[in-house]
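Chains as they are written, first to last, in the numbering used here: chain A, 659 to 870; chain B, 659 to 870; chain C, 659 to 870.
Careful, some of the hints might be misleading.
Unchecked claim - Cβ-Cβ distance ranges computed for the label pairs, FRET-style:
hint, chain 1, residue 1, chain 2, residue 2, range
1, B, 860, A, 840, 36 to 46 angstroms
2, B, 841, C, 663, 28 to 38 angstroms
3, A, 730, C, 663, 55 to 65 angstroms
4, A, 734, B, 675, 27 to 37 angstroms
5, A, 861, B, 860, 27 to 37 angstroms
6, B, 675, A, 740, 31 to 41 angstroms
7, C, 666, B, 860, 26 to 36 angstroms
8, A, 861, C, 719, 43 to 53 angstroms
9, B, 752, A, 719, 51 to 61 angstroms
10, C, 672, A, 733, 31 to 41 angstroms
11, A, 672, B, 841, 30 to 40 angstroms
12, A, 719, B, 839, 42 to 52 angstroms
13, B, 841, A, 734, 50 to 60 angstroms
What the hints assert, rightly or not - To spell it out: a stretch of chain B is covered by chain A in this simulated footprint if at least three of its residues, at any positions, have a beta carbon under 8 angstroms from a beta carbon of chain A; those stretches are:
hint, stretch
14, 721-731
15, 804-817
To be verified - If we take Cβ atoms under 8 angstroms as the criterion, some of the chain A residues that face chain C in the derived model are:
hint, residue
16, 726
17, 833
18, 836
19, 837
20, 841
Think of the hints as simulated: they come from the structure by calculation, not from any bench. Remember, it's a predicted structure, so these values are computed and weren't measured experimentally. All residues carry an ideal CB built from backbone N, CA and C; glycine is no exception.
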Amino acid sequence: MTGLSDWGVWLRHGLELAATVAFALSGAMTAARSRLDGVGVCAVVFLTAFGGGTLRDILLDIRPFFWVSHVEYLWGLLTLAVLAMIFMRQHHFELTERAIQLPDAIGLGLFAAIGVDVARAHDMPMLVAVLMGVITPVFGGVLRDLVCNRIPEAFIDHRPYAFCAFLGGWLYLGLEVLALPEWLVLSATVVFTAGLRLLALRFDWRMPVWRV
Amino acid sequence: MTGLSDWGVWLRHGLELAATVAFALSGAMTAARSRLDGVGVCAVVFLTAFGGGTLRDILLDIRPFFWVSHVEYLWGLLTLAVLAMIFMRQHHFELTERAIQLPDAIGLGLFAAIGVDVARAHDMPMLVAVLMGVITPVFGGVLRDLVCNRIPEAFIDHRPYAFCAFLGGWLYLGLEVLALPEWLVLSATVVFTAGLRLLALRFDWRMPVWRV
Amino acid sequence: MTGLSDWGVWLRHGLELAATVAFALSGAMTAARSRLDGVGVCAVVFLTAFGGGTLRDILLDIRPFFWVSHVEYLWGLLTLAVLAMIFMRQHHFELTERAIQLPDAIGLGLFAAIGVDVARAHDMPMLVAVLMGVITPVFGGVLRDLVCNRIPEAFIDHRPYAFCAFLGGWLYLGLEVLALPEWLVLSATVVFTAGLRLLALRFDWRMPVWRV
Numbered sequence: 659m660t661g662l663s664d665w666g667v668w669l670r671h672g673l674e675l676a677a678t679v680a681f682a683l684s685g686a687m688t689a690a691r692s693r694l695d696g697v698g699v700c701a702v703v704f705l706t707a708f709g710g711g712t713l714r715d716i717l718l719d720i721r722p723f724f725w726v727s728h729v730e731y732l733w734g735l736l737t738l739a740v741l742a743m744i745f746m747r748q749h750h751f752e753l754t755e756r757a758i759q760l761p762d763a764i765g766l767g768l769f770a771a772i773g774v775d776v777a778r779a780h781d782m783p784m785l786v787a788v789l790m791g792v793i794t795p796v797f798g799g800v801l802r803d804l805v806c807n808r809i810p811e812a813f814i815d816h817r818p819y820a821f822c823a824f825l826g827g828w829l830y831l832g833l834e835v836l837a838l839p840e841w842l843v844l845s846a847t848v849v850f851t852a853g854l855r856l857l858a859l860r861f862d863w864r865m866p867v868w869r870v
Numbered sequence: 659m660t661g662l663s664d665w666g667v668w669l670r671h672g673l674e675l676a677a678t679v680a681f682a683l684s685g686a687m688t689a690a691r692s693r694l695d696g697v698g699v700c701a702v703v704f705l706t707a708f709g710g711g712t713l714r715d716i717l718l719d720i721r722p723f724f725w726v727s728h729v730e731y732l733w734g735l736l737t738l739a740v741l742a743m744i745f746m747r748q749h750h751f752e753l754t755e756r757a758i759q760l761p762d763a764i765g766l767g768l769f770a771a772i773g774v775d776v777a778r779a780h781d782m783p784m785l786v787a788v789l790m791g792v793i794t795p796v797f798g799g800v801l802r803d804l805v806c807n808r809i810p811e812a813f814i815d816h817r818p819y820a821f822c823a824f825l826g827g828w829l830y831l832g833l834e835v836l837a838l839p840e841w842l843v844l845s846a847t848v849v850f851t852a853g854l855r856l857l858a859l860r861f862d863w864r865m866p867v868w869r870v
Numbered sequence: 659m660t661g662l663s664d665w666g667v668w669l670r671h672g673l674e675l676a677a678t679v680a681f682a683l684s685g686a687m688t689a690a691r692s693r694l695d696g697v698g699v700c701a702v703v704f705l706t707a708f709g710g711g712t713l714r715d716i717l718l719d720i721r722p723f724f725w726v727s728h729v730e731y732l733w734g735l736l737t738l739a740v741l742a743m744i745f746m747r748q749h750h751f752e753l754t755e756r757a758i759q760l761p762d763a764i765g766l767g768l769f770a771a772i773g774v775d776v777a778r779a780h781d782m783p784m785l786v787a788v789l790m791g792v793i794t795p796v797f798g799g800v801l802r803d804l805v806c807n808r809i810p811e812a813f814i815d816h817r818p819y820a821f822c823a824f825l826g827g828w829l830y831l832g833l834e835v836l837a838l839p840e841w842l843v844l845s846a847t848v849v850f851t852a853g854l855r856l857l858a859l860r861f862d863w864r865m866p867v868w869r870v
């Protein structure tokens, strides 16, 4: 392996780790706000971090799951949940939410790209692949909110989140048609999706409200 | 293929389409009432229309899903969700609800028959097959209500809905024992289940209330 | 087969039956409190009794499910749900809740042991096996509460329930390392987990509250 590709592997692992931690922390905070106990916090942390990828793998009938072949991630999340319970205080929440915006956006882009990539490797049609690119990063948060008895934020927030992943998925497919190397397609999707999400947060973009 | 069987195929496709649209519209209206955003409406439309069949296929370990092998249905639902958001207004809801009662009842019968049929083709015992005949048409609405943070209507409404599919499933198995041709078994199940549901709505039948 | 192993098989079946009935009754009572109709009661009874094992089998990609190969359990639960609706009255609830504490604790231990056992037979890593040992007894109740639009009791109750299964799972793995015979490992896990749960109820132990 060359130094460059080594560097790419490490970068990807680093991004994956940062994104997973961001997802897990958003789970821990939602669980705390809903007054769950320690078991509930651990459950919501796992669901938020791995729910989307696991649903994708169930739908595509892929085994083993990510958290079975990389069981060190499960141990890490368990540790994270315990640390969050010990050290996290209500007045840290706003700070934490600000701090995880960047890794969360990167996770949105990264898991969207991975979702489309996995679906294409399993010969899924284009729209299904884009759907998997949306489900992978978004569905963990949906499960988190369902368990905490709230309407999923991704479905009611009006700020583009799943929609960024949707557009990123189509970008992936467009670049794929151009027969670009896979690492470039993946990187462009991540940068585009994460960038779009950060722009949307920065300028407070809203999805058009439709009158009911 | 003879003209008759062609006609049967077209009829079945037509009914399937009408029923899917009815399920999707009930999803769009519930999402609108819960004030979901555009992403939420699309998600609930998909869940309501395909949730039941997808759960059945996961339980029976069948791939590919209907919406993977017929990706044109996904495109259709996406279009429908966008059109519903543009044109649907609160004061249309009652009208729409009345208009979809017939296709919704047909969908109940059709998807119940298909559910039992698929389960029998996979050698499921009778009660499990009937259960699949209930899950296929009913579970999409259950997911719709869970996402919108309501107790599922099918579980609290007291008007027979799932119960019609349950009886229809047993009719299917009874006719199967008589070794009637499959198209006749399917048709009779659809007509019986849909008819029962329409009668229940027409005469406002209620399941017996049990004192708690 | 010797008399002893016959006796063991009957004991295990008897415990399984008692535990399933306890789980089903807790489903029926929660459904009644949420004012579900007859269909809802049956659905929640099924979900509570079989939801955990079914999710475990989906995650491990195991078929057929328990309730497909033992369809007599489905018939039994259907009968139980109908009987519960006829005979159960609000003022029986407290009595029933007291009466099912013992079989429910046994179910917690038994299904935890079975969950770890099945996961190990499918070569899962240790933490994943323990997780399956928690999901099997606990997740049915989680689904019950989600359908009844409540935050899952297992995640908010502060009394150790899932945590007993978690510790029991590690005991199983520890005894497995000692190469003890399987029946001994299983029995010790059941007794330890159920005993811990009963002690927790008896002395009103609480998980440490973490400040948020």
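Verification of the hints:
Take residue 860 (chain B) and residue 840 (chain A): their Cβ atoms lie about 59 angstroms apart, and the range 36 to 46 angstroms is violated. Restraint check, residue 841 (chain B) to residue 663 (chain C): a C-beta distance of roughly 52 angstroms breaks the suggested window 28 to 38 angstroms. Taken as a hint, the range 55 to 65 angstroms is violated for the pair residue 730 (chain A) and residue 663 (chain C), whose Cβ atoms sit roughly 40 angstroms apart. At roughly 48 angstroms, the beta carbons of residue 734 (chain A) and residue 675 (chain B) sit outside the given window of 27 to 37 angstroms.
For the pair residue 861 (chain A) and residue 860 (chain B), the beta carbons lie near 54 angstroms from each other, so the given range of 27 to 37 angstroms is not met. For residue 675 (chain B) and residue 740 (chain A), the hinted distance range of 31 to 41 angstroms is not satisfied, since their beta carbons lie about 52 angstroms from each other. The given range of 26 to 36 angstroms is broken by residue 666 (chain C) and residue 860 (chain B), whose C-beta atoms sit roughly 57 angstroms from each other. As the Cβ distance of residue 861 (chain A) to residue 719 (chain C) is approximately 45 angstroms, the hint placing it in 43 to 53 angstroms holds.
Checking the proposed 51 to 61 angstroms range against residue 752 (chain B) and residue 719 (chain A) shows it is violated: the Cβ atoms sit about 42 angstroms from each other. Range check, residue 672 (chain C) to residue 733 (chain A): Cβ separation about 37 angstroms, and the 31 to 41 angstroms hint holds. About 59 angstroms separates the C-beta atoms of residue 672 (chain A) and residue 841 (chain B), a value inconsistent with the hinted range of 30 to 40 angstroms. For the hinted restraint 42 to 52 angstroms between residue 719 (chain A) and residue 839 (chain B), the CB-CB distance of approximately 33 angstroms leaves it violated.
Taking 50 to 60 angstroms as the suggested C-beta distance range, the pair residue 841 (chain B) and residue 734 (chain A) conforms, at roughly 56 angstroms. Given a C-beta distance limit of less than 8 angstroms, the hint that chain A covers the stretch 721-731 of chain B holds, as 5 residues qualify and 3 suffice. A stretch counts as covered by a chain when three or more of its residues have a beta carbon under 8 angstroms from one of that chain; for the stretch 804-817 of chain B and chain A the count is 4, and the coverage holds. The closest approach between the C-beta of residue 726 (chain A) and any C-beta of chain C is roughly 5 angstroms, which is under the 8 angstroms cut-off, so the hint is satisfied.
Using the Cβ-Cβ criterion of 8 angstroms, the hint placing residue 833 (chain A) at the interface with chain C is not satisfied: the shortest such distance is roughly 33 angstroms. Given the 8 angstroms rule on beta carbons, the hint for residue 836 (chain A) is violated: about 36 angstroms separates it from the nearest Cβ of chain C. Against a cut-off of 8 angstroms between C-beta atoms, the interface hint on residue 837 (chain A) is violated, since the closest Cβ of chain C lies about 34 angstroms away. Restraint check, residue 841 (chain A) versus chain C: the minimum CB separation of about 30 angstroms is more than 8 angstroms; hint violated.
The structure shown violates the earlier hints numbered 1, 2, 3, 4, 5, 6, 7, 9, 11, 12, 17, 18, 19 and 20.
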